[in-house]
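Student: As a plain string of letters, each chain reads:
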Amino acid sequence: MKMLRDAAVSADPLALLPARVHEVQGPGRRAFGLLQAARRKGPVFWIMPAHQPEGPMLWGLPEGLSDRLHLVRARGETDLLWATEEALRSAEVAMVLAEPEKPLGLTAGRRLQLAAEAGRTLGLMLIREGQGSNATETRWHAAALPSDRADSTLLRWSLIKNKSGTLGDWTVGWDGKAADVHLVSPTGQRCQPAQTPG
Amino acid sequence: MSIWFPRLASDVSLRRHPVEGPFALTLRAGNADHLHCVNPAAMTLGLARGMALADARAICPDLVTRPADLVAEAAALGHLRRWASRYAPMVARDGADGLMADISGVPHLFGGEEALRDDLHARMERAGLAVVSAVAGTRGAAHGLARHGGGGVIADGKLAEGIGPLPVAALRIDQATAEGLSRVGLNRIADLLPLPRAPLARRFGAGLVLRLDQALGAQTEPVAAEADAPHFGVRMTLPEPIGKQEDVMAGLARLLDRLCARLALHQMGARRLRLDLRRVDRATVQLDIGLAQAMRDPLRIAALFRRGIDEVDAGFGIDALRLCAPVTEPLAPAQLTSGQLTPAQLTSGQPAPQDGVADLVTRLGNRLGFDAIQRLAPAESLIPERSFLTLPTAYSAPAARPRRPRHRPLILFPPEPVTAHGQPPARFRWRRMSFTTLRATGPERISPEWWFDDPAWRTGLRDYWRIDTREGPRLWLFQTPQTPGWYAQGEFA
Chain V
6 MKMLRDAAVS
16 ADPLALLPAR
26 VHEVQGPGRR
36 AFGLLQAARR
46 KGPVFWIMPA
56 HQPEGPMLWG
66 LPEGLSDRLH
76 LVRARGETDL
86 LWATEEALRS
96 AEVAMVLAEP
106 EKPLGLTAGR
116 RLQLAAEAGR
126 TLGLMLIREG
136 QGSNATETRW
146 HAAALPSDRA
156 DSTLLRWSLI
166 KNKSGTLGDW
176 TVGWDGKAAD
186 VHLVSPTGQR
196 CQPAQTPG
Chain Z
812 MSIWFPRLAS
822 DVSLRRHPVE
832 GPFALTLRAG
842 NADHLHCVNP
852 AAMTLGLARG
862 MALADARAIC
872 PDLVTRPADL
882 VAEAAALGHL
892 RRWASRYAPM
902 VARDGADGLM
912 ADISGVPHLF
922 GGEEALRDDL
932 HARMERAGLA
942 VVSAVAGTRG
952 AAHGLARHGG
962 GGVIADGKLA
972 EGIGPLPVAA
982 LRIDQATAEG
992 LSRVGLNRIA
1002 DLLPLPRAPL
1012 ARRFGAGLVL
1022 RLDQALGAQT
1032 EPVAAEADAP
1042 HFGVRMTLPE
1052 PIGKQEDVMA
1062 GLARLLDRLC
1072 ARLALHQMGA
1082 RRLRLDLRRV
1092 DRATVQLDIG
1102 LAQAMRDPLR
1112 IAALFRRGID
1122 EVDAGFGIDA
1132 LRLCAPVTEP
1142 LAPAQLTSGQ
1152 LTPAQLTSGQ
1162 PAPQDGVADL
1172 VTRLGNRLGF
1182 DAIQRLAPAE
1192 SLIPERSFLT
1202 LPTAYSAPAA
1212 RPRRPRHRPL
1222 ILFPPEPVTA
1232 HGQPPARFRW
1242 RRMSFTTLRA
1252 TGPERISPEW
1262 WFDDPAWRTG
1272 LRDYWRIDTR
1282 EGPRLWLFQT
1292 PQTPGWYAQG
1302 EFA
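Residue numbers (our numbering), protein chains in the order written: chain V, 6 to 203; chain Z, 812 to 1304.
Extracted from the complex, chain V is given alone in its bound form (with noise of 0.2 Å):
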């Protein structure tokens, strides 16, 4: 387990460890979590409640996530943690997005841990700023950052809390479609000197 745990997290800095919930706040939430669903295979539930505006759009989605994301539109907060747990517990599902709106307790995140261990399956709560549970894996900030070029779409993923390993902070350029990304160098780091301007 531990040699599997660095295997994955050495091999990419941006993987969610599996069999494991973790949460993600911030504006681009959303598109954190898509992302991340199209990263692996298999049928995906995002459990959203059920008075939610936002939802997705099925032609900005990215390839090959649109015939496998199923749509769960609960009623309640208790009815969105449940199944979110019942979720997480079916070995078959390669992910759960769930989008709580109240702040999870450190009895439900710890459920929530169970249920995905249980299930093998990554779970990912959309939350709020601040609502986390102190149960999670990691806890990511996700937003969007203005980009000079027309053609990227620059993405700001900070890793806020980690239980197995360090913070820190990626600048990612996607484009919307497919399943990978790469990573910007921060400013600071280039290889070549900047031109100068004139």
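To be clear, the hints were calculated from the coordinates, so they are not data collected in a lab. The reader is advised that the hints may include incorrect statements.
[Stated by the list, open to error] In silico SDA-like links for lysine to any residue, alpha-carbon gap of 20 Å or less:
#: 1; chain 1: V; residue 1: Lys107; chain 2: Z; residue 2: Arg1090
#: 2; chain 1: V; residue 1: Lys168; chain 2: V; residue 2: Thr112
#: 3; chain 1: V; residue 1: Lys168; chain 2: V; residue 2: Ala20
#: 4; chain 1: Z; residue 1: Lys1055; chain 2: Z; residue 2: Arg1090
#: 5; chain 1: V; residue 1: Lys46; chain 2: Z; residue 2: Arg1090
#: 6; chain 1: V; residue 1: Lys46; chain 2: Z; residue 2: Asp1166
#: 7; chain 1: V; residue 1: Lys46; chain 2: V; residue 2: Gly81
#: 8; chain 1: V; residue 1: Lys46; chain 2: Z; residue 2: Pro1209
#: 9; chain 1: V; residue 1: Lys107; chain 2: V; residue 2: Pro58
#: 10; chain 1: V; residue 1: Lys107; chain 2: V; residue 2: Gln118
#: 11; chain 1: V; residue 1: Lys107; chain 2: V; residue 2: Ala140
#: 12; chain 1: V; residue 1: Lys168; chain 2: V; residue 2: Arg116
[What the hints assert, rightly or not] Label pairs and their calculated CB-CB ranges:
#: 13; chain 1: Z; residue 1: Val830; chain 2: V; residue 2: Glu82; range: 49 to 57 Å
#: 14; chain 1: Z; residue 1: Gly1119; chain 2: V; residue 2: Leu150; range: 48 to 56 Å
#: 15; chain 1: V; residue 1: Thr171; chain 2: Z; residue 2: Tyr1206; range: 32 to 40 Å
#: 16; chain 1: V; residue 1: Glu82; chain 2: Z; residue 2: Arg1118; range: 15 to 23 Å
[Claimed, not checked] Some, not all, of what chain Z presents toward chain V, calculated at C-beta under 7 Å:
#: 17; residue: Leu1221
#: 18; residue: Pro1225
#: 19; residue: Leu1249
Just so it is clear, the structure is predicted and the values come from calculations on it, not from any experiment. Ideal Cβ positions, reconstructed from N, Cα and C, are used throughout, including at glycine.
Chain V is fixed; fit chain Z onto it per the hints.
Tutor: Frame of chain V; chain Z shown alone:
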């Protein structure tokens, strides 16, 4: 034996809600209401089937009417057909208000044909249905005697004498043929019998001769009893009441084995299942589960019932279980490929991978409702809101997304007003946040579908812009040039 219910529709209607005095069911044909079925009180006043309702009201002002329900009438006849199987193994519908039973070899069980008829009439009278029955050696003779001769028994070998006095219409011939026969003076079946057959067939068609032969037994006509729809229900009565959860599960497992065997026999799969638990105090607890796909695997279904059984209040104990599948779908046997199941899974009864998702959808759907679990499917429209459908997962198949080159946002929401000026706006406010435009891509004009009146599109044309803001978010804004205003409808990654 032919059984005719002369007032089936009105008797069935009056059984539920009795009415004193003249009563009739009306059926709308064209622009006028006609009487469909009248009760004896109305009949004595001169009302008859097929009469216009206005005429009937003129004759009998205090006539009570109800609209006829042909579906309920057919269902009532279907129930009577099932009931009549107590007299004969093969019972068929005969028209909209009659039954035909093949009682060969049966009457001695009831003490003779007359006794059988008496038994039938007594039971029908108790049920409040008027009935006329006739027993004869052939279908045609029994039918004619019941409908036109007032019923009775025609002894063996006396068919010609028995149906001779009946009018020619009793032969199940059409109206035109019957009129033609009466025009040449042939009013009774007895008039037809001595005539040469060839001229009769030439003048009135082969149908008349065929019907005559069938009535006299020269031509065989079997009773074509329709096959009973298979009934997917099993029950179990226990000598001692049970209350423990595992006992109920064990009983359920036995019922499921039997039900699934029956489903497999008919190549059907259950889509809904209902378990009735009868308690000792005669109260019944009903458990309903829906299934995300048709299935007949006892182990998987039993696992889905477990949550419901947890919550059942057994009271003083449960002494009867009844399991039925009200909704079934065809489910052809599937071949197990080697990749689907390992031998260990086969023996341990674990579900195959693709069944696991269906089981999850079933579990979620039984609590949240099957409409709450959706998948996205492409649609033809170019209107953003209608360019895809959200369909219930349980009732749809995954659809591949065709390629469309246009750039669309990742997240879509109903249009929200944005305070903005300019085209495109250099600065705007959305959700109480200020944004400065870094780059605007567009416009892409989308015009409303004129054949579809959508309240959200009453503002007319929309010019869609992708606005990259200096603050980060990339928004999908649109302007309505016909009624000036800016709205946000989506968010790119």
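Student: Quickly compare the C-alpha distance for Lys168 of chain V and Ala20 of chain V to 20 Å and report which way the hint goes.
Tutor: Holds, at roughly 14 Å.
Student: Between Val830 of chain Z and Glu82 of chain V, does the beta-carbon spacing fit 49 to 57 Å?
Tutor: 55 Å, holds
Student: Is 15 to 23 Å a correct range for the gap between the Cβ atoms of Glu82 of chain V and Arg1118 of chain Z?
Tutor: 20 Å, holds
Student: Hey, Lys168 of chain V versus Arg116 of chain V, does the alpha-carbon distance stay inside 20 Å?
Tutor: Holds: Lys168 of chain V and Arg116 of chain V sit about 17 Å apart, inside 20 Å.
Student: Next pair to validate is Lys46 of chain V with Gly81 of chain V; report whether the Cα-Cα distance is within 20 Å.
Tutor: 29 Å, violated
Student: Is the straight-line distance between the alpha-carbon of Lys46 of chain V and that of Arg1090 of chain Z 20 Å or less?
Tutor: 48 Å, violated
Student: Straight-line Cα separation of Lys107 of chain V and Pro58 of chain V no greater than 20 Å?
Tutor: Measuring from Cα to Cα gives roughly 17 Å; hence the hint holds.
Student: Do the alpha carbons of Lys46 of chain V and Asp1166 of chain Z lie within 20 Å of each other, as the hint requires?
Tutor: 17 Å, holds
Student: Has the given pair, Lys107 of chain V with Gln118 of chain V, been kept, meaning a C-alpha gap of at most 20 Å?
Tutor: The hint holds at about 18 Å.
Student: Do the numbers back the hint for Leu1221 of chain Z, that is, is its least Cβ distance to chain V under 7 Å?
Tutor: Since the shortest Cβ distance to chain V is 4 Å, the answer is holds.
Student: Take the shortest C-beta to C-beta distance between Pro1225 of chain Z and chain V; is it under 7 Å?
Tutor: 5 Å, holds
Student: Decide if the proposed pair is consistent with the structure: Lys107 of chain V and Ala140 of chain V, CA atoms, cutoff 20 Å inclusive.
Tutor: 15 Å, holds
Consistency with the previously given hints fails for numbers 1, 5, 7, 15, ordered from lowest to highest.
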